[in-house]
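Asker: Chains A and B, in that order, are what the protein sequence lines are. Number 164 in numbering that gives the first Met the number 0 belongs to position 165 of the first sequence; there are no gaps in the numbering. Number 24 in numbering that gives the first Met the number 0 belongs to position 25 of the second sequence; there are no gaps in the numbering.
To be clear, the hints were calculated from the coordinates, so they are not data collected in a lab. Honestly, I wouldn't trust all of these hints.
Said to hold, decoys possible - Selected chain A positions facing chain B (Cβ under 10 Å, derived; list incomplete):
(1) Cys39
(2) Met40
(3) Ala87
(4) Ser88
(5) Tyr108
(6) Asp112
(7) Leu172
(8) Ser173
(9) Asn176
(10) Gly182
(11) Ser189
(12) His190
(13) Asp213
(14) Glu234
C-beta atoms are modelled at their ideal positions from N, C-alpha and C, and glycine is treated no differently.
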Amino acid sequence: MAFNTKDVVLKEDRPRTLLLQKHSDYLAGYGLDKDDFEFCMTEYLRMSGIYWSLTAMELMGQSSRMPKDEIIEFITSCQDKESGGVSASIGHDPHMLYTLSAVQVLAMYDRLDAIDVEGVVRYITSLQQDDGSFFGDKWGEVDTRFSFCAVMALSLLHRLDTINVNKTVDFVLSCMNFDGGFGSKPGSESHAGLIYCCVGTLSICKRMDALKADELAWWLCERQLPSGGLNGRPEKLPDLCYSWWVMSSLSMLNRIHWVDKKSLEEYILACQDAETGGFSDRPGDIPDPFHTLFGLAGLSLLGNTSIKLVNPTYCMPQETIDRLKLEPQVLHI
Amino acid sequence: MPLFFRYAFDIVPAEENFRNKSPVLHLFNCLGLESWCVKHVYMYCYSELMDKYFAKPKRKALKPSSVNCERITKLLNLTLLINPELTSLWNKRREMVLKSFLEKTKELQFTKLVLSRKPKCNDAFSYRRWILEAMFKGESLQSNVINSLITEELLICELASDKSPNNYHSWNHRMWLVNKLKSVKNFDLHFLYIKEYEFSERWTSKHVSDYSCFHYRQFCIKNIFSINPDQWQTFENTVNCNLRKSFVKILSDNFPNDVTIQASKDDLLTYSEENLVNLLLCYTNKNCSCAVEHVQVCRKLEVLFHELVLNIELLRFYKFHETMWYHRRFIVHEVMSIMYDHFGVARQNGVLVKNNCGVCSMDELRQKQAKIVRYDSNRIYSCVLFNILKNIETKFIEERQRDDDNYACRHEKYLRFVEGLNNVM
Numbered sequence: 000m001a002f003n004t005k006d007v008v009l010k011e012d013r014p015r016t017l018l019l020q021k022h023s024d025y026l027a028g029y030g031l032d033k034d035d036f037e038f039c040m041t042e043y044l045r046m047s048g049i050y051w052s053l054t055a056m057e058l059m060g061q062s063s064r065m066p067k068d069e070i071i072e073f074i075t076s077c078q079d080k081e082s083g084g085v086s087a088s089i090g091h092d093p094h095m096l097y098t099l100s101a102v103q104v105l106a107m108y109d110r111l112d113a114i115d116v117e118g119v120v121r122y123i124t125s126l127q128q129d130d131g132s133f134f135g136d137k138w139g140e141v142d143t144r145f146s147f148c149a150v151m152a153l154s155l156l157h158r159l160d161t162i163n164v165n166k167t168v169d170f171v172l173s174c175m176n177f178d179g180g181f182g183s184k185p186g187s188e189s190h191a192g193l194i195y196c197c198v199g200t201l202s203i204c205k206r207m208d209a210l211k212a213d214e215l216a217w218w219l220c221e222r223q224l225p226s227g228g229l230n231g232r233p234e235k236l237p238d239l240c241y242s243w244w245v246m247s248s249l250s251m252l253n254r255i256h257w258v259d260k261k262s263l264e265e266y267i268l269a270c271q272d273a274e275t276g277g278f279s280d281r282p283g284d285i286p287d288p289f290h291t292l293f294g295l296a297g298l299s300l301l302g303n304t305s306i307k308l309v310n311p312t313y314c315m316p317q318e319t320i321d322r323l324k325l326e327p328q329v330l331h332i
Numbered sequence: 000m001p002l003f004f005r006y007a008f009d010i011v012p013a014e015e016n017f018r019n020k021s022p023v024l025h026l027f028n029c030l031g032l033e034s035w036c037v038k039h040v041y042m043y044c045y046s047e048l049m050d051k052y053f054a055k056p057k058r059k060a061l062k063p064s065s066v067n068c069e070r071i072t073k074l075l076n077l078t079l080l081i082n083p084e085l086t087s088l089w090n091k092r093r094e095m096v097l098k099s100f101l102e103k104t105k106e107l108q109f110t111k112l113v114l115s116r117k118p119k120c121n122d123a124f125s126y127r128r129w130i131l132e133a134m135f136k137g138e139s140l141q142s143n144v145i146n147s148l149i150t151e152e153l154l155i156c157e158l159a160s161d162k163s164p165n166n167y168h169s170w171n172h173r174m175w176l177v178n179k180l181k182s183v184k185n186f187d188l189h190f191l192y193i194k195e196y197e198f199s200e201r202w203t204s205k206h207v208s209d210y211s212c213f214h215y216r217q218f219c220i221k222n223i224f225s226i227n228p229d230q231w232q233t234f235e236n237t238v239n240c241n242l243r244k245s246f247v248k249i250l251s252d253n254f255p256n257d258v259t260i261q262a263s264k265d266d267l268l269t270y271s272e273e274n275l276v277n278l279l280l281c282y283t284n285k286n287c288s289c290a291v292e293h294v295q296v297c298r299k300l301e302v303l304f305h306e307l308v309l310n311i312e313l314l315r316f317y318k319f320h321e322t323m324w325y326h327r328r329f330i331v332h333e334v335m336s337i338m339y340d341h342f343g344v345a346r347q348n349g350v351l352v353k354n355n356c357g358v359c360s361m362d363e364l365r366q367k368q369a370k371i372v373r374y375d376s377n378r379i380y381s382c383v384l385f386n387i388l389k390n391i392e393t394k395f396i397e398e399r400q401r402d403d404d405n406y407a408c409r410h411e412k413y414l415r416f417v418e419g420l421n422n423v424m
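In isolation and in its complexed conformation, chain B is listed as follows:
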């Protein structure tokens, strides 16, 4: 980003004040402080704050007022720019916001400056959340205001995530924002889900060792599971990919060697969601009377297999990255969950047990047999979807092992002993 667009603060290394000039540097929207003066400035500001405004007992401390609020603000600004971990000073700002001595939008600007130097500062993110909560709650914001707040917030997260890899706080903050918007009226949440899905796809493909962004990607994928059916087309247009076509391709490339279910890619493309899901899950009924949501299941699988294809491409290109292998665990886990759910079972302490359907109670009789009978697990492991997944994983593990990727071997062990597939791989 060009310098003049950027609000930034930093301490500039300069051991001595040899020029006898001001230590404050200013260029476009960027502010710098020469390092030789940091100790002196900090000690001066921090001491005055503590002595006057944080004195103990509390009754001896000066309260922010219209007379002194400018002075306190200056002291707080400098001290926090140098040391943004001072929670009590952030709290003082909160008090001053509540008393209208500080303005919320300016506070957002100030924290942006702090984050430009310390992108991992959770106190600054936490303060932004507090300000934004108050803005979302207190005022009935117009949608253009909401939209510009969101754009700004996402930009700040992006800058912080870029400046500091594996930035736990910036990704957490981004998730908080998306979740927060669930409760904000006049806002198209599903469109944001789609935009964030697209953003995370771009970001993860460029940051293949940053698991924090992959974790966020997983959050986006789960959000896509919940978008309205009528927005599916918008989703496909935005991601610019025919998900069904790509899904059907990876399926037909990995069909188990069973003549009875040979279907070409072109055949599969003509299938309805219901037919496709029935083929993949062997026409079995669930253990309960709830109808199978074929379209929903099919779309989840399309998204997950798209992710699997992306993961394969990234691992082939960048090689040997724990992060991408960990992300693959998530994908496999989600596909397995769809199967377990379909067959009415769940994994508990490493064994499959029958799962109570939360919606209907038709399965009560079957529930009396607590442990799963071999028949049920056989149904899972013999279904087409499982065998396709198994083929993909086995082939990919072999391929990566030939490329000396030790994580491939670890992935196989993980599938066997943690995902519980030891007897069927």
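Just chain A, same shape as in the assembly:
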């Protein structure tokens, strides 16, 4: 069977230890050249980029290397006065995705006062639809990712009461498939990233009981490939970010021991770039802050103690979640 499995082979000379200092240097130096072509190409997701980098730095205990004041000022200037939503960068349109990233960053900095919280609440509540779903912005695209953004941001602001939580849950459950997984819309294919969003929504709304836990965990465990890495859907290549999306979901389902942790850890470590620092999707590819965060967060879930404890629902340091007195649900059966 092996000749047919789409997978990668880990090389003998791959990194086998965690190169923390390299990763910290990599993130500290990332995107300093603002006239750079790459910088302009990725400006449309800048706010999330800041969240990925800062969270990774927090997990390594090195967040002091990030330009805190500059970041906070940037976030303030990205809030749209009218709608209350936050955009990815100055001049771009507000969107649910970047509103969440902004709230997460400010929550980690304990500086939620830097934005108009009422505006954020107004923005998110205005995007909920009659069926409980959420638009991503005023143009009306629906996706379970946006449901997760809404409940996560509002819970970080302690304002979950401003939306219809029951309907939110009902909509997410309407996206469940026979295999126990979830897609982006009702009837859409199961996808590990969207499963994380839906399980996370239920974890925050404390409705983990509504999941088909065994079916779902079974499907999630089958994402592990011979290399140890995880894919996000059947017959796809492994990708480091799924070590977060699959493992955090299994963690909320309390079934993390269903995968082979040792080979997964080897895969994650092999995705490090030993020269530049940072993690990539697969061994040998170019690293980026997105995969760097999910590599570190994945290792934290696997119990690596040189990284701070990460919360599986929020993908933020557990200490932040504790400080905010949030208790996302984990399944106990």
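Following the hints, position chain B against chain A.
Answerer: Frame of chain A, contents of chain B only:
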């Protein structure tokens, strides 16, 4: 597809401008941009857009007007062709459509160009949905216009699905389109269901590692469950297969070793739907007073067993593909659901419980016993249909294991521990 039929854009690798010629290439309907100039073009267009038209605060930004709309459109076109993930730029186009500075049909053409290079770009699909929603809603479209829009949309999905395997967005978009047409008047939805069923059969048989198309196939199968009885003949003619004959064949090949129900293939072909369903489901009544829809149940089973036969053929031919085994789980799950439904039970948290009939309330008395009694589950596991399914699965798992397909073993475990058949296999 021949080049001259195709609208396409791509960046053509060329490291230097050594010929001192225009970097814009043009052949038939295809447009190319030499890679050496991409950075310069992008930085130029993106900067002008951001500085002038996306400036902050908003009051300082220039609004699209008849004076500048041509300029903005050019800048947006180039920037989005190079980087189609820029949601805010798509939004600017939406604003311009609302103000009639951009024309909807031309916008559909532009997104087609974007998708020719980036077939996984959800922003482009999302923009098409927005345009099409507006077209379906705003104007009372003539049916030939609707039909040509649909043909074009299905073609774009097909090109994108072909160019990028497991394309989540193109298959999602296709499902959105079919669902959207439910609310469009003057449209023969059931005929589309049939055409899409046929299309997905062809496509899945050629893309056996692409679960996204199998997921779409499952959507098509469920749609076929809902077609009008009077269109069944059209359906059978279109798929060009005698479903009853094929159903009866797989049944008679796998009858349990029980002399009392031996029936030859020829005998079974003479059965009415009612007799066939009664034979398969052991003449048991449902727990409620609703009449069994024999024809409906029989046709669902015909479709599902046809799918099972196709799956067996594909797995034998292509071997060792997780995707096809996953699709088989769906088929088994659907057949089991028909049985559970027939016997008035449902699976919850891994155990069978009595199911409330949503239609009548005659089963209230029985509902008082919350957990299912052994008698009810025995009825399911002793019925002919279950035993036929069990025989098919057991034989097929053994056959594939002999061929060293490790997924066969996984399938057996799945049936035992996830589908809940551990005690009866």
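Asker: Each hint should be assessed against the structure and marked as holding or not.
Answerer: Each hint tested on the structure:
1. For the restraint placing cysteine 39 of chain A at the interface with chain B, the shortest Cβ-Cβ distance is roughly 6 Å, inside the 10 Å limit, so the hint holds.
2. About 6 Å separates the beta-carbon of methionine 40 of chain A from the nearest beta-carbon of chain B, less than 10 Å, and the hint is met.
3. Because the smallest distance between the Cβ of alanine 87 of chain A and any Cβ of chain B comes to about 8 Å, under 10 Å, the interface hint for this residue holds.
4. At about 9 Å, the closest approach between the beta carbon of serine 88 of chain A and any beta carbon in chain B falls short of 10 Å, and the interface hint on this residue holds.
5. The closest approach between the C-beta of tyrosine 108 of chain A and any C-beta of chain B is roughly 23 Å, which is over the 10 Å cut-off, so the hint fails.
6. Annotation: interface hint on aspartate 112 of chain A violated; nearest CB of chain B at approximately 22 Å, more than 10 Å.
7. Look at leucine 172 of chain A: its Cβ only gets to about 14 Å from chain B, farther than 10 Å, so that hint breaks.
8. Using the Cβ-Cβ criterion of 10 Å, the hint placing serine 173 of chain A at the interface with chain B is not satisfied: the shortest such distance is roughly 13 Å.
9. Given hint, asparagine 176 of chain A at the interface with chain B, holds; its Cβ is 8 Å from that chain's nearest Cβ, closer than 10 Å.
10. For glycine 182 of chain A, the shortest C-beta to C-beta distance to chain B is roughly 8 Å, which falls under 10 Å, so the interface hint holds.
11. With 10 Å as the threshold, the beta carbon of serine 189 of chain A comes within range of chain B, its nearest partner Cβ sitting at about 8 Å, so the hint holds.
12. With a least beta-carbon distance of about 6 Å to chain B, the hint placing histidine 190 of chain A at the interface is held under the 10 Å criterion.
13. Interface restraint check for aspartate 213 of chain A: the shortest CB-CB distance to chain B comes to about 6 Å, inside 10 Å, so the restraint holds.
14. Given the 10 Å rule on beta carbons, the hint for glutamate 234 of chain A holds: about 5 Å separates it from the nearest Cβ of chain B.
Violated hints, listed in ascending order, are 5, 6, 7 and 8; each of the other numbered hints is respected by the structure.
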